[in-house]
Every structure is written in structure tokens, then in C-alpha cells.
Amino acid sequence: MIQHHIEACAKVPNMKEILLVGFYQPNEALSRFLVSAQQEFKIPIRYLQEYAALGTGGGIYHFRDQILSGGPEAFFVLNADVCSEFPLPEMLAFQQQRGDAHSFVMLGTTANRKQSLNYGCIVANTETCEVLHYVEKPSTFISEIINCGIYLFTPAIFQHIGKVFQKNQQELLLEEGSNGWQRAEVIRLEQDVFTALAGCGKLYVYKTDSFWSQIKSAGSAIYANRLYLSQYSQRHPERLARNSPEGPSIRGNVYIHPTASVDRSAVLGPNVSIGKGVTVGAGVRVRESIILHGALLQDHTCVLNSIVGWDSTIGRWARVEGTPSDPNPNDPYAKIDSETLFRDGRLTPSITILGCNVTIPAEAVILNSIVLPHKELSRSFKNQIIL
Amino acid sequence: MSEVLEGAMREQEQRLGIRISLSHEKEPLGTAGPLALARELLTESSEPFFVLNSDVICDFPFTDMVRFHKHHGKEGSIVVTKVEEPSKYGVVVCEAETGRIHRFVEKPQVFVSNKINAGMYIFNPSLLCRIQLRPTSIEKEIFPVMAQDGELYAMELQGFWMDIGQPKDFLTGMCMFLQSLRAQHPEKLHSGPGFVGNVLVDPSAKIGENCTIGPNVTIGAGVVVEDGVRIKRCTILKGSRIRSHSWLESCIVGWRSAVGQWVRMENVTVLGEDVIVNDELYLNGASVLPHKSIGESVPEPHIIM
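First to last, the protein sequences are chains A and B. For the first sequence, the positions run 83 to 469 when the working numbering is used. For the second sequence, the positions run 74 to 378 when the working numbering is used.
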């Protein structure tokens, strides 16, 4: 997912370095990714691990010295779980136009009335684009303009975050409680910082109509896959697979990693991504799916609306199928719904996910199910979570 | 009456060199009334006549039935068979040695006997005196009286038997029939690479490459099965086409139907005549009426009209 963020950052002129801030334990896969990304984009990239989950603002505040080292004029903050065109150069140009070099810019987009309640809502001056009012996930309708989770800050932001930190500290001193420091450092950018900054002439919104989606559930990854592939077809068509007599049949936008091996009788697409080292056998059909690296799809299988995890195997004639959860295609501002996992006591039909190293036996059907990693199934499953 | 039926009967007449007459009820007359309707045809000779229900399958023991009937010399003989769940059928209580039937109970609520009416009879023409031309059930109204009069005898069937009125039972009956064919005429079954177990394929059918067909599959005339297809426990009727990479188990595919590519059908899915199933669908226990086109998956058993 973050490769797209990194690629977008690398496109901004004078980008000095990229820092990844998170609470995850670093592992080999991440280290390898960072090395190859640095080589590909020619820019230093580091992972900074938080010592505790510090909220959307606490992490950058904790690492403020790292961020400010080298004296940058400004820095972008991007949430990793969004899929977007990342109009970063445009945001930079917009900030410089405003005149005031200290203004902060938030990327905004339009949602429909009902769904806007799930996001941060922005009320802005239509001419100056200054943010007048900001509410995170309101219970009543505020505005259709929502926060995309992509920001352009200057070093001055840390003063404002620092104020929140001190306020938290004071409140905790009044309370009797241990671990005061840790809890004071949990800072939410949206509720604690933006709400206070609204109306002070410091925070502006840059509105975009380019594609944007949150990636909170697996279903959203399939939708994001489709958005990025569509972006490739416009900006980087050479990255997408094309029909050729010795190759598989390609329909619509399909990405095939150069090390993948796909039988020529397979039919792929639309909206399929085939990862590194994947093997796709004879007569296989894949549609609206993501096949992660090392997976093996044996002959005559059919994979629809699914994510197949690393190194999984799907046996001959098996069928792996999920249910798409796309936003309403008739509403241009509809966003993907954050689905509830269960409805009326049953699992809601959704994208099928196979964890890493899962084996699906020949001739089985896996429908609307989630299979946890390292499972070796012995029969068909429908509408289940398999532990 | 269906032209298809009449045409098929004319073919059989010529092939077998016998006369086939069709008696058509204007209103339903039950299981005995139609015999009264066909009275003239049945009494042309004074010889006994067979009455056979068309929705059963077995190794039809017609010669044995004639011998049995002539031996006891009474008015009627019924073939009976042993089943595990008798309460769905007409149950027969009879004398072990002679086969004389004491009682005849239709769909009993409690266990009476495990021998049931297999739907095949021989009667003397005198039986027709018992039947009037009105809706009449032979099991409920005629047989019990004949049993009391001591005129009804039961012959036990050897070998397999199945009531194939329901699709699920039809497939079970088909499996039994193929097994019997394996025992008696194994040369009629198909074998070779890609064929597993008992498979019956019409010579005019075409099977593609990399298919695995069987066990227990029947493929009719002019059927085309494309490459990479897996079929188990199915009947594919005449003129159908199964397109490549599909997977079928326990299905009945109706005449001239077309099943798309990468389709999965299972759990007694039945396609009527001339049904089209689009590519990449999943049909689980779907019952599809004739001439329908299916464009969406049917994930749970459902009748599509």
C-alpha cells in the first residue's frame, strides 16, 4: 500500500527524506521493502517505531526532532491507510500561493451527506479556503467536505501539538494515576489539534476531486486496487499487462509482476494484480482480485473478488469467491462503507481473504469467507471465518 | 399430448417392431382410472397385461413376473422391493412362501413391513371389472380389496430399485443403474484417460482435453464438453454444451442447455430444457425452469422461474 505514498512523495521536487512512523514491530519483509524502495526512488527512507500507540498526532510529536533535523521548510504527513492520487505538488503550490509561509494545508474531498459523518468534516471559507470549523466524525451533519488524512505542515505545527501535550499533562497531574507521561503523549491530530486550529487563520483546505478512498478493511483493498490500476492506465500504461499471442488473455486493467508465471490459457481481469513469483496454471480465471506473492493457482481454478495471501495454494478446479462491497456507482461522492462484520447474527457477505500459506483443496468452493494464515483446508466453506 | 413424446414413441415402434398406442386422459384419473379408460386396448386379448409406473428404475424382471403370475393363477401380481424407509411408499404385508398379500397399507405412519410396492404389476383382464371410469387410486381403493379377496400376490425383486420422481433420487437411481451396467455389460461403459468409475457416453458426444469425467456420469447424444471440465455424478442430456473449465457435481443438465466457462454447479442443480448459464457463475441447488437465462449466481438452493 505505502509504495504508492512513497512514489508520490518522490515526485515532489526537493523531497529530502521519507520517515515511516508506526507502532508495528519491524520485520524482515519491511526491511527488505525499505531497501528496495530506497533503490528505486533514490531517497532515504527510515522506519521509526513508536514505543506505544500514540494516536494520529503523538507519533510525529514524539519524533519531532527527527522530523526537523536538517531544517526542512515544510513536511507532508500521509496516513498509510488511504488510497489516493496524492496531489502533493499541487498542495505545495497552493500553500505558497496563500502567501503566508506558515499556513498548514489539509487535503479535502467531497462525500455524500450520510457518509460524511464517518469522517472529519471541514467547513471552509469558499474564497480563501481557510478552515473555519472542524469536527471529527460528528453525530449530525456538518459539511460534505471531508478530511483525506493527507497534510502539509510547517515546523510551527509542533507548537500547537505541544500545547495539547501540556494540557494533557496538566489534566493528568490533577488525576491520581500512574503512567502520566505515556498517556499525555497520546495526541489525536483531528480532535485535539485541528478543532482548535480551525478559525484561527492558520489551517487551510485544498479540495480535490481526484480519486480517494480509505483502506480500513480488506474489501477496501480490492476497491483501492481498482483505483490504482485505473490511475496506471492513464499515467503509466506501460506498467499494465497487454494482450499478446503467447501470453494470457487480459481484460481491462491488469498488473502482472515480471517474475510471475502465467499460463497462456488463463484469463485475467479486469482489476487484477498478480504479485511476485506467482504461478497461474492453465485455464485459470481471475477477476477483481489481488494475488500476493508466491501464491500458486492450479489448473482450472476461478478466483473472483478475493485476496489470496502470500505463498497460498489453490487446488485444481477450486473456486474462491467473495462479494464486492463497492460504493454506490450512481453517486459520484459515495465512499466505500466501513462494513460491520456481522449483520443479524450472520457474517456479512464480503471479499474473501486467504491468509498467508493457506491451502485450498482441489474442487472445493470458498465463498465469502476469511481463512486465517497457515490453514490447510479439507473441504468447502461458505460465509465463515476459519480459524 | 406432447409432440416430443409422440415422436419418440414412433421411433421406438419402428426400432422394436411393436405397436405402441397412447391413451390420453382429458382429466386426471388417478392410478386406476386410466386402466378403465384404456379398457378396449387392454381387453383385445384375454392374456394378462403389465402395468408399469414410468418413474422407477431397476433391472426389469418381466420374464420372471410372467412366470410368477401364471404359477399362482390369481388375478394380480405386484413386484415388491425392500427399502430402508418404507413410510414414503405403499407397504405390503405378505406370506413368505407363496407371496399371497394379506394387507396393503399406503404410506403407513408406523412400521408395518419393509417391503414396498415397486410400481410394476401384472393383471388379468378381469381386474377391469373392479375399476370404474372416474379418478381412482389403485393403491388405496383397488389393492386392499383384492388382498382381502386373496387375489393379490407379491413377487420380491432381486437387484437394485429406485423411485426416480425427484431429481435427487433420479441421480441416485442413475448411479445404481450404472453400477448394474458395470456388472452386466461393462463394454457399454466408457473408459480411458480422464474417465473415472462408471461413465456412459453416447458415441456422438464430444469430450475435450484435460477433462476428468466420472464417477457416475451419463452423457447424451450430441453433447459437447469443452476442455478442462470436471463432471461427477451428473446426467447431461442431449444436445447440451458444457464450456471449458467448469465444475459440475450432482446435476441434471436439460436438453440443449449451455453451461458457460468457469461455472460451478452442485447439490442437485437441475437445468430445464434450453437453459443458458452465463460464465463464472456458482449454482448451488438451483432448479431452473426451461428457456431461462441465468446471469447471477444462486448461492443457496432456489427455484428460478
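Hints are computed from structural coordinates only; laboratory data are not their basis. Positions of the beta carbon are idealized from the N, C-alpha and C atoms, including for glycine. Treat each hint with caution, since some may be false.
What the hints assert, rightly or not - Once the Cα atoms are required to be at most 20 Å apart in a straight line, the calculated EDC-like pairs of lysine to aspartate or glutamate come out as:
no., chain 1, residue 1, chain 2, residue 2
1, A, 464, B, 373
2, A, 93, A, 132
3, A, 464, B, 353
4, A, 464, B, 322
Stated by the list, open to error - Label-pair ranges, simulated between beta-carbon atoms:
no., chain 1, residue 1, chain 2, residue 2, range
5, B, 166, A, 457, 48 to 58 Å
6, B, 160, A, 416, 52 to 62 Å
7, B, 376, A, 457, 29 to 39 Å
8, B, 259, A, 346, 32 to 42 Å
Hints, verified against the model:
1. Between residue 464/A and residue 373/B the alpha-carbon distance is near 10 Å, which keeps this suggested pair within the 20 Å criterion.
2. Using a Cα cut-off of 20 Å, the hinted pair residue 93/A and residue 132/A is violated, with the two alpha carbons roughly 27 Å apart.
3. A hinted pair counts as satisfied when its Cα atoms are at most 20 Å apart, and residue 464/A with residue 353/B qualifies at roughly 17 Å.
4. About 17 Å separates the Cα atoms of residue 464/A and residue 322/B, which keeps this hinted pair within 20 Å; it holds.
5. At about 55 Å, the beta-carbon gap between residue 166/B and residue 457/A stays in the expected band of 48 to 58 Å.
6. A hinted range of 52 to 62 Å for the beta carbons of residue 160/B and residue 416/A is consistent with their spacing of about 56 Å.
7. Checking the proposed 29 to 39 Å range against residue 376/B and residue 457/A shows it holds: the Cβ atoms sit about 35 Å from each other.
8. Separated by about 40 Å at the C-beta atoms, residue 259/B and residue 346/A satisfy the suggested range of 32 to 42 Å.
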